[in-house]
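Protein chains: 2
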Amino acid sequence: MATASRAGTRLDLYRDLARQLRVDSIRCSTAAGSGHPTSSLSAADLMAVLLAGHLRYDYANADDPANDHLIFSKGHASPLVYAMFRAAGAITDEELLTFRKLGSRLEGHPTPLLPWVDVATGSLGQGLPIGVGIALAGKRPLAAPYHVWILVGDSETAEGSIWEAFDHGGHEGLSNLTAILDINRLGQRGPTELQWDTAAYAARIRAFGWDAIVIDGHDLAAVDDALGRARGSERPTAIVAKTVKGKGVSFLEDKEGWHGKALDKDQAAQALKELGAERARTFDVAKPPRWMPPAFKRTPPHLATYGEPVATRKAYGEAIAALGAAREDVVALDAEVSNSTHAEDFKKTAPDRFFEMYIAEQQMVAAAVGMQVVGLVPFASTFAAFFTRAYDFIRMAAISRANIRLSGSHAGVSIGEDGPS
Amino acid sequence: MATASRAGTRLDLYRDLARQLRVDSIRCSTAAGSGHPTSSLSAADLMAVLLAGHLRYDYANADDPANDHLIFSKGHASPLVYAMFRAAGAITDEELLTFRKLGSRLEGHPTPLLPWVDVATGSLGQGLPIGVGIALAGKRPLAAPYHVWILVGDSETAEGSIWEAFDHGGHEGLSNLTAILDINRLGQRGPTELQWDTAAYAARIRAFGWDAIVIDGHDLAAVDDALGRARGSERPTAIVAKTVKGKGVSFLEDKEGWHGKALDKDQAAQALKELGAERARTFDVAKPPRWMPPAFKRTPPHLATYGEPVATRKAYGEAIAALGAAREDVVALDAEVSNSTHAEDFKKTAPDRFFEMYIAEQQMVAAAVGMQVVGLVPFASTFAAFFTRAYDFIRMAAISRANIRLSGSHAGVSIGEDGPS
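Sequence order for the protein chains is R and P. For the first sequence, the working numbering assigns the number 1 to the initial residue and increments by one for each residue that follows. For the second sequence, the working numbering assigns the number 1 to the initial residue and increments by one for each residue that follows.
Careful: at least some of the hints might be erroneous.
Stated by the list, open to error - List time: in silico DSS-like cross-link candidates among lysine-lysine, alpha-carbon distance up to 30 Å:
{"hint": "1", "chain 1": "P", "residue 1": "K265", "chain 2": "R", "residue 2": "K314"}
{"hint": "2", "chain 1": "R", "residue 1": "K101", "chain 2": "P", "residue 2": "K314"}
{"hint": "3", "chain 1": "R", "residue 1": "K265", "chain 2": "P", "residue 2": "K314"}
{"hint": "4", "chain 1": "P", "residue 1": "K273", "chain 2": "P", "residue 2": "K287"}
{"hint": "5", "chain 1": "R", "residue 1": "K273", "chain 2": "R", "residue 2": "K261"}
Quick caveat, the hints were computed from the structure, so don't treat them as lab data. No experiment lies behind these values; they were computed from the predicted model shown.
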């Protein structure tokens, strides 16, 4: 009885929070006159259970290195993430209602202007590969206690970069990484490719080396169980949650034509009535364990000086190897050409801080972005032409003000006999 | 007995051709002093059986619209594709030996300077998504008899774009498309992520809706059987072929450090001795069936004139809809935002020539490139910022001299409330 009662209390708490997140997602987007409330409503139950039951995050100390990481890869569900910040007491209701207004920190898509946001998202397919970088850093150089949670939209799984992330996460066995897939069936212009075929999603993800847990994303007990299993798993886990876009509001549920549209005032009033708006409150979020990152050696590097002209890539390899020897916070990533870019020099010096990203430039740049989130100093290299594969990731990295170093070799007008490709 | 004898003859033919392809791959790269002979040797058996037993291609009439299509997604195996052209009688031995020389059509990576090459490859992960476009065009507007064969390297399966192609090929049920995966275990700098785990490759590919046939890529009878099944399959098929890099030459087989290196003259002499160089000859390649594409209506479009200013995307939608009504060779592709780019206007006019590519910009641009290979006139649209996801595909499309039209909406300094992402 006691257990059942505690479980009941816990589920009641989740239900209250989920309702508040829905209400606030609608309120702030209606106040803005734009935004993505229906994409927020589908994931509200998932995020309520995460925030109140599983996330370990000190919202008063966003810089705590032990904090979990939560990234909305589907950044357009920003009303939901801002509603979470409000529920956690990080922002006020007044600020919540500045959403999308000129000068507000609460932009249409989340950016690190907010201390609780690691990276800018909105351009789809980027949050999960960045999460791979944070999880990699947590596993290897940092040995950190944090867990990385990524909310992934179903539409964005059409992006190849998502599969680079599943591939890499599986290959590296990132047990500290959980992808929460919000399978709400509807994209911007209509049904997604796989709609509610959660078995197809799960089969693909498992084939890439992850655990996959298929649940009803509105069954709070099932969400609770899945999130608990995900944190405890020995492999990266995807929670494949079947959800309903616009869930909780009769005239929005599973309806086409509502993507990226705010409710008008009358519609919002009707929605809040259906949801049963109660007085908003602050919810407790578990604090992370006490933990500090290793005290990395940071000494001045012994850089070579050259009397004769030297190939830039040779000098690059020697320089990052020297940096790697002098500074333990420096990491190097390469896209399967380290023998050409000379990043292999770093690998010889600091093999535990060298990351082979294979031929996946989007994932490589995203991993670098993720690693700098947790204070590492990443150098990423490939042939210059191939960095354009990650063009949009580099653009978004700039919006994130990410502190990364990209080194493209074999640049210039022509590389000769190999031809223009 | 007669059957066994015929099969024996057939396998002898394949063996002879495979030997010649290996010999010529080594000869031309050694003459050039650079190139990728070992990446060619691993796929020589696969390509010998394809060329002599399954491809339907009139090398004297590269413009025959009924010709099959063969693309080396692993374009660095150019010595092999040029050796195939020589074996088919398309180029002379003299020209073969101009490989990688200034002024030669035989560049380091294949380009459409050669009439038998559809598109430039070399930047990895592009041939398969382009093949999806050719197969889509063959299936829908053209109802063509051709089959599309793509030689895919194992290293390049780390590129997300390959999974966009598997995703899209499976979704569209492209039974006229076969991916031949050359799983030779070694990339440029060392082992690939999955090495010889052909079961893992097959599981991933099957999860994306393809048939997968796992074979020993040096067992000529198995290759023959797999290629036959692939052409006859009702679904897109991947032949997952376990191969040995450098196969056929003792000091190259499965050896690291040989990627992208030509043999010197002594090494080449030794290799040719091992292979048993015989007098080169021309091999018969099956001709395609007689077939001509539909006689598409091509009338001048009735384009609207505007007295008042009009949003460019609205005008775009109306213009391509008018074009689609007037010209049956015009096709439109969109990356899941057709209600914003107004490409949906085209869909209403010509639904059978509208291609929903979902949020997969690389695959969308690649499909457009593939469709123009077979004479269609593609218009592809998404938000301008997201075309950068396909930056390298657009760069390669230019090298291919591809005739495509890309329309990016929502461009400019800022798009306002949605924020910078």
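So, going through the hints one by one against the coordinates:
Under the criterion of a C-alpha separation no larger than 30 Å, the hint pairing P/K265 with R/K314 is consistent with the structure, at around 28 Å. Between R/K101 and P/K314, the direct Cα distance comes to roughly 27 Å. Compliance with the 30 Å bound is thereby established for this hinted pair. Simply put, R/K265 and P/K314 have alpha-carbon atoms about 28 Å apart, close enough for the 30 Å limit, and the pair holds. Restraint check: the Cα-Cα separation between P/K273 and P/K287 comes to about 34 Å, which exceeds 30 Å; the hinted pair is violated.
Using a Cα cut-off of 30 Å, the hinted pair R/K273 and R/K261 holds, with the two alpha carbons roughly 19 Å apart.
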